[in-house]
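Taken in order, these protein sequences are the chains called V and R.
Position 21, counted from 1, in the first sequence is what UniProt numbering calls 21; the numbers after and before it change by one each time, with no gaps.
Position 223, counted from 1, in the second sequence is what UniProt numbering calls 223; the numbers after and before it change by one each time, with no gaps.
Fair warning: there could be bad hints in the mix.
Okay, derived cross-link-like pairs now, PhoX-like style, lysine-lysine, Cα gap no bigger than 25 angstroms in a straight line [unchecked claim]:
no., chain 1, residue 1, chain 2, residue 2
1, R, K120, V, K29
2, R, K135, R, K33
3, R, K135, R, K60
4, R, K95, R, K120
5, V, K11, R, K135
6, R, K183, R, K153
7, R, K123, R, K135
8, R, K20, V, K29
Far from chain V by the CB rule (all over 10 angstroms, computed), these chain R residues [what the hints assert, rightly or not]:
no., residue
9, L18
10, K56
11, E68
12, K104
13, G151
14, N173
15, S196
16, S202
17, E215
Taking beta-carbon pairs under 10 angstroms as the criterion, some of the chain R residues facing chain V (in silico) [claimed, not checked]:
no., residue
18, G83
19, D179
20, E180
Honestly, the hints are just simulated from the structure, not real lab data.
Just so you know, even glycine gets a beta-carbon here, dropped at the ideal spot from N, CA and C.
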Amino acid sequence: MQQSLDLTYLKTLMSEDENLVNRFLTIFKTQCPQQLEELRTHLLNEDWASLSTVAHSMKTQFTYLSVESLAAQAIEIETLADEGNTDIISDKIASFEKGCRSLLASVP
Amino acid sequence: MTVAHLLHIDDEVHYSELTKEYLEMRGYQVTLKHDADAALDILRTTPVDLCIVDIKMPRKDGFTLAAEIRELYEDMPIIFLTGQSTKEDKIKGLKLGADDYLTKPFSMEELYLRINAILKRVKVQEKIKSPGTFKLGKLTFQSGLRELVSGDKHIKLTSIESKLLKLLCERENAVLTRDEALKNIWGDDEQFRGYSLNVYVSKIRKLLRDEDAIEILNLHGEGYKLIVKVDSPSPQIK
Chain V
1 MQQSLDLTYL KTLMSEDENL VNRFLTIFKT QCPQQLEELR THLLNEDWAS
51 LSTVAHSMKT QFTYLSVESL AAQAIEIETL ADEGNTDIIS DKIASFEKGC
101 RSLLASVP
Chain R
1 MTVAHLLHID DEVHYSELTK EYLEMRGYQV TLKHDADAAL DILRTTPVDL
51 CIVDIKMPRK DGFTLAAEIR ELYEDMPIIF LTGQSTKEDK IKGLKLGADD
101 YLTKPFSMEE LYLRINAILK RVKVQEKIKS PGTFKLGKLT FQSGLRELVS
151 GDKHIKLTSI ESKLLKLLCE RENAVLTRDE ALKNIWGDDE QFRGYSLNVY
201 VSKIRKLLRD EDAIEILNLH GEGYKLIVKV DSPSPQIK
């Protein structure tokens, strides 16, 4: 599913400061691909604590961006990692990554 | 004017810079650290007015850090930031004595206002704890000791100077009437003492002349008003 971005909420949170909004988006565009890479590495190493930490950080970014579907997926990945319920986590990460890539393509 | 110093602890390196930048724009001094131990090092060496603590951090979480901060400074104001918002977390945070609790995503403005509110409350509590001590910009006035303190410098005041300055401080940004001043200082409101009062007000103005944030206004026919200029509500807390 194609992800789209509505910055209204982010602008409100950033007190309508264009500089802060743009800085946020720049950080997101740089950091999100790195974090996806980290998720894959932690998955490969079965380092669930680190995987949970990365998913937790990504969840927060998506809530700032009002992309609730990706925030929910990040929460699910974090919870699966925290609970040691790792059988399906690989599929969840793959689906999550697809959504993130789609969103990244729409970030101005 | 003394700027309040905030210590922000968040393992998220990049986004937390935005929070720091925003709070600095609003007039605070902000030190940002990305792990608990680095934050404790700052607290041991530098005066801090308030801590903003992220809960979920690797190595040492925010709850553990808050407990260690409390061991160092029992009354340090703490605001927790969290991506989680479970009732249990909030209760745990409040039990640790958190002054406030913000769930991410939070509005920068809201964080700023909450910090202001907490620092104002702290300022009131400090006044209650030491009723004879007043902050006047960079100066501290200790009425019991009749002293104005600026760094290492202690300036002794006369009994009348001290009584007058205390009255002005107690009515900060409000009118101190001439009658009120005369009665409190000399025990009567004999108008012939009015000249003496003017002289003492001039003396106090001289003592405070290097403080841009402080001004004593003459209100014709009424009395005097000690003005403490505030750019933002927080920066004079210390």
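Hint numbers contradicted by this structure: 1, 2, 3, 5, 6, 9, 10, 12, 19, 20
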